[in-house]
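Colleague: The listed protein sequences derive, respectively, from chains A and B. In short: position in the first sequence from 1, add 403, done, that's this note's numbering. In short: position in the second sequence from 1, add 19, done, that's this note's numbering.
Heads up, some of the hints might be wrong.
Label pairs and their computed distance ranges (CB to CB) [to be verified]:
1. B:233 x A:549: 19 to 25 Å
2. A:437 x B:143: 51 to 57 Å
3. A:543 x B:146: 47 to 53 Å
4. B:166 x A:513: 37 to 43 Å
5. B:146 x A:548: 47 to 53 Å
6. A:537 x B:166: 39 to 45 Å
7. B:141 x A:539: 35 to 41 Å
8. A:426 x B:86: 42 to 48 Å
Rather than coming from a laboratory, the hints here were simulated on the basis of the structure. Using N, Cα and C, we set each Cβ at its ideal position, and we do this for glycine too.
So the chains spell out like this:
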Amino acid sequence: MTDIPVAPPPKSRLRLALESDVFYTFRRSPVAVISALVVLVLLVSAIFAPWIASTNPFDPASLNLMNGFTPPLEPNAFTGDSFLLGTDDQGRDVFSTILYGMRISLFVGVAAVAFAMVLGITLGLISGYVGGWVETIIMRVADVQLTFPSILVAMLIFGIAKGITPVEYRDQMAIWVLILAIGLSDWVQFARVVRGATLVEKNKEYVQAARLIGRKPGAIMLRHILPNVLSPVLVIATISLALAIIAEATLSFLGVGAPPTQPSLGTLIRIGQGFLFSGEWWILFFPACTLLALALSVNLLGDWLRDALNPRLR
Amino acid sequence: MAEPVLSIRDLSVEIPTRHGIVKPVDGVSYDIRAGEILGVVGESGAGKSMAGNAVIGLLSPPAHIASGEIWLNGKRIDQLRGEAMRRLRGKEIGMVFQDPLTSLNPLLRIGDQLVETMRTHLKISEKEAEKRAVAALEEVGIPGAASRVNSYPHEFSGGMRQRVVIALALCAEPSLVIADEPTTALDVSVQAQIIALLKRLCRERGTAVMLITHDMGVIAEATDRVAVMYAGRLAELGAVEQVLTRPQHPYTHGLMASTPLASEGKARLHQIPGAMPRLDAVPDGCAFNPRCPRATEVCRTPPPPRVKDGMAACWHPLVEDVEEKVS
Numbered sequence: 404m405t406d407i408p409v410a411p412p413p414k415s416r417l418r419l420a421l422e423s424d425v426f427y428t429f430r431r432s433p434v435a436v437i438s439a440l441v442v443l444v445l446l447v448s449a450i451f452a453p454w455i456a457s458t459n460p461f462d463p464a465s466l467n468l469m470n471g472f473t474p475p476l477e478p479n480a481f482t483g484d485s486f487l488l489g490t491d492d493q494g495r496d497v498f499s500t501i502l503y504g505m506r507i508s509l510f511v512g513v514a515a516v517a518f519a520m521v522l523g524i525t526l527g528l529i530s531g532y533v534g535g536w537v538e539t540i541i542m543r544v545a546d547v548q549l550t551f552p553s554i555l556v557a558m559l560i561f562g563i564a565k566g567i568t569p570v571e572y573r574d575q576m577a578i579w580v581l582i583l584a585i586g587l588s589d590w591v592q593f594a595r596v597v598r599g600a601t602l603v604e605k606n607k608e609y610v611q612a613a614r615l616i617g618r619k620p621g622a623i624m625l626r627h628i629l630p631n632v633l634s635p636v637l638v639i640a641t642i643s644l645a646l647a648i649i650a651e652a653t654l655s656f657l658g659v660g661a662p663p664t665q666p667s668l669g670t671l672i673r674i675g676q677g678f679l680f681s682g683e684w685w686i687l688f689f690p691a692c693t694l695l696a697l698a699l700s701v702n703l704l705g706d707w708l709r710d711a712l713n714p715r716l717r
Numbered sequence: 020m021a022e023p024v025l026s027i028r029d030l031s032v033e034i035p036t037r038h039g040i041v042k043p044v045d046g047v048s049y050d051i052r053a054g055e056i057l058g059v060v061g062e063s064g065a066g067k068s069m070a071g072n073a074v075i076g077l078l079s080p081p082a083h084i085a086s087g088e089i090w091l092n093g094k095r096i097d098q099l100r101g102e103a104m105r106r107l108r109g110k111e112i113g114m115v116f117q118d119p120l121t122s123l124n125p126l127l128r129i130g131d132q133l134v135e136t137m138r139t140h141l142k143i144s145e146k147e148a149e150k151r152a153v154a155a156l157e158e159v160g161i162p163g164a165a166s167r168v169n170s171y172p173h174e175f176s177g178g179m180r181q182r183v184v185i186a187l188a189l190c191a192e193p194s195l196v197i198a199d200e201p202t203t204a205l206d207v208s209v210q211a212q213i214i215a216l217l218k219r220l221c222r223e224r225g226t227a228v229m230l231i232t233h234d235m236g237v238i239a240e241a242t243d244r245v246a247v248m249y250a251g252r253l254a255e256l257g258a259v260e261q262v263l264t265r266p267q268h269p270y271t272h273g274l275m276a277s278t279p280l281a282s283e284g285k286a287r288l289h290q291i292p293g294a295m296p297r298l299d300a301v302p303d304g305c306a307f308n309p310r311c312p313r314a315t316e317v318c319r320t321p322p323p324p325r326v327k328d329g330m331a332a333c334w335h336p337l338v339e340d341v342e343e344k345v346s
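Using the sequences and the hints, build the whole thing.
Modeller: Written as C-alpha cells, this is what we have:
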C-alpha cells in the first residue's frame, strides 16, 4: 500500500485540453480542421461585420442607387465605384449584406439551438428521472410533434406568433419569433436523447448513493445526471445548429422569416433569385455559397465530434 | 444489553406482477447492535439485497414493504416518506455498493463527493469539510490523501475506489452501514484488505454493519452474527462460530458442505440437489423441503417454526437438543 505513487501535480487546463484524445483526433482529421477554420472565419467576420464591411448596407444614407447592379470587381458604369462581390438592385454592396446577413443567420441559429437545448434537456431529464405519467405526457407530445416535418411546425408556430403580435411590433419581433419557432420545432431530439441517457445513468449506483445521502431530486438531476449525459447533447447541438441555420434560411426564403429590413442569408437568397435569369447572378450566388459553406462546415464539425466522443465508431 | 441500532420485525416485501404477488422478502426479523457486524448470506435471489434496500428506502416501485416494522435507533422508519426519510437515511445510514466502478460519479473529484455528502448532513463549513475529506481518505488508507482528493474516480484502481466508497459511507458518521456485496467486484487479494478495513473502522466507531454477501469466507472473517436467507425467508440466525461450525438448518449445513476447501483435494464437492424455487412458486410449508434430506410430512404443510437468535427455522434441526426449545 505504501508503494502506490502519489498523484503528479495537476496540469493546467489548457495543457490537459491540448493533450486530450479529442484534440488528438481533431489534429489528425483534415476535414475537421478545415471546417473548424471555415466556421471560425465566418464567425469572426460575422461578429466584426461593422468593422470589416465597407458600408452598412441598411443605412439608407450610405447607399447610392446609381451603383445598382454593379458586377463583381468591375467598376460601375456611372460612378466608377468597384465592389468585391458586386451590388444588388439598390446599390448595396453584396459583400457587406452577406456579412450582416450572416450575423442574423448565426444569431437566430445559435439562439434557437440554445432555446431548444434548454427546453429539451429540462424535459428529457424530468421525464427520464421522474418517470410515470409525467414521462408519458412529455414523450407522447414529442412523438406527436415528430410526425410533422419540423419546418411545418416552425411555420405554424411562426404564423400563430405573428398573428398575435401587434402590427407595429412585427418587424422588431420577427427575429425573436423566428428563434421561438425554430427552437420549439427542435427540442424533441434533445429531450429523447437526454431521457434515454438519464434512464441509463439513473440506475447507476452513484445516483442511488446521492439519493441515499439525501440529495433532493433537483440537485441529483443537475449535479450528478446532467454532466454525465452532456456528451451526446453536444453532438446533437452541433448538428442542430447547421439544421437551424438552414431552417431559418428556408423560412426566410419562403418570405415568412427575417424581414427585408433585417435580412438573413435566406432573405438575401430570396431577393437574389429574382435577378438570376436577368443576368445579375452574383446577387444570388454569393449569399448561397456562404450559406452552403456555413451549414456544411458546421455539419462536418458535428460529424467529427460525434465520432470523437463515441470511440466505438472509430 | 444495549438497544439494537437496527431492528427488523417480520419484514415482508411484495412485488405485484401479472402472475400474482411475489414476496422476495417474507417475514424476516433480525437485530443489529452498535459495533456489531451482521452477515446476511444466501444465494442469488434469496432476498438479501432486497431486505437491505427496504431498510434504506431504495426499493424501486412496484416493490414495496407489505408488512412488518423497521426500527432504527428506537425510531420506526418503514412508514417514513419523502422529506423525513431523505433526511434520516443519509444521516443515519451509510451504504457501500457492490461495484466501485459505478458507485462514484465519474465527473466529480472524489474530494467534492466527500464534501457533498458531509455538507448535506453535518453543519460544517466548506473548509472544514475539505479538511475532513482528507482525513477520511487517510483513514481508509489512501496514500497521499492531500493531493488525491483532487483526483477523479477513473484515476483510481478498483480496490482504491472501494476504499473511497467506504470513506463516503462513513463520512457523515452514520450509526448503520449497509454493505451490499462490497467485495464481489474486487480481486481476492484486495477483498481481504477491504473487509479488514470495514471491520476496523466500524469497530472503532461503534457503527453497526449489515454485510450482505454470498461469500462464506467473508462471513467467517468479518462477522459477529449471521443471518442465512433462503427464498426470501430467514433460515437460520446465530453467532457466526455456531452457524458455521454447528449449523442447525439443513440448508446452512448444505451451504457449508459445498464450500470448497483447499485441503480436501480429491474429494468431490458436495452440492445441494435442485435449485432455489422461483419466487412465484415457493412450496407450502418450509421453502427448503423439496431439496431437504431430512424433510418429512410436517415440513410440507404448516410453516416452519419462527427463527429466534441461535435457532433455525426447521422442524428437524441438525442439533438434537434444540428441538426442545422449538416446542
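Colleague: Look at each hint and say if it fits the structure.
Modeller: Okay, the hints, checked on the actual structure:
1. Separation of residue 233 of chain B from residue 549 of chain A is about 46 Å and departs from the stated range, judged on CB atoms against 19 to 25 Å.
2. Between residue 437 of chain A and residue 143 of chain B the C-beta distance comes to about 53 Å, which sits within the given range of 51 to 57 Å.
3. About 49 Å separates the C-beta atoms of residue 543 of chain A and residue 146 of chain B, a value consistent with the hinted range of 47 to 53 Å.
4. Taking 37 to 43 Å as the suggested C-beta distance range, the pair residue 166 of chain B and residue 513 of chain A conforms, at roughly 40 Å.
5. For the pair residue 146 of chain B and residue 548 of chain A, the supplied restraint of 47 to 53 Å holds, since their beta-carbon distance comes to about 49 Å.
6. Against the hinted window of 39 to 45 Å, the Cβ-Cβ separation of residue 537 of chain A and residue 166 of chain B comes to about 44 Å, which satisfies the hint.
7. As the Cβ distance of residue 141 of chain B to residue 539 of chain A is approximately 39 Å, the hint placing it in 35 to 41 Å holds.
8. Here the CB-CB span from residue 426 of chain A to residue 86 of chain B is close to 59 Å, at odds with the stated 42 to 48 Å.
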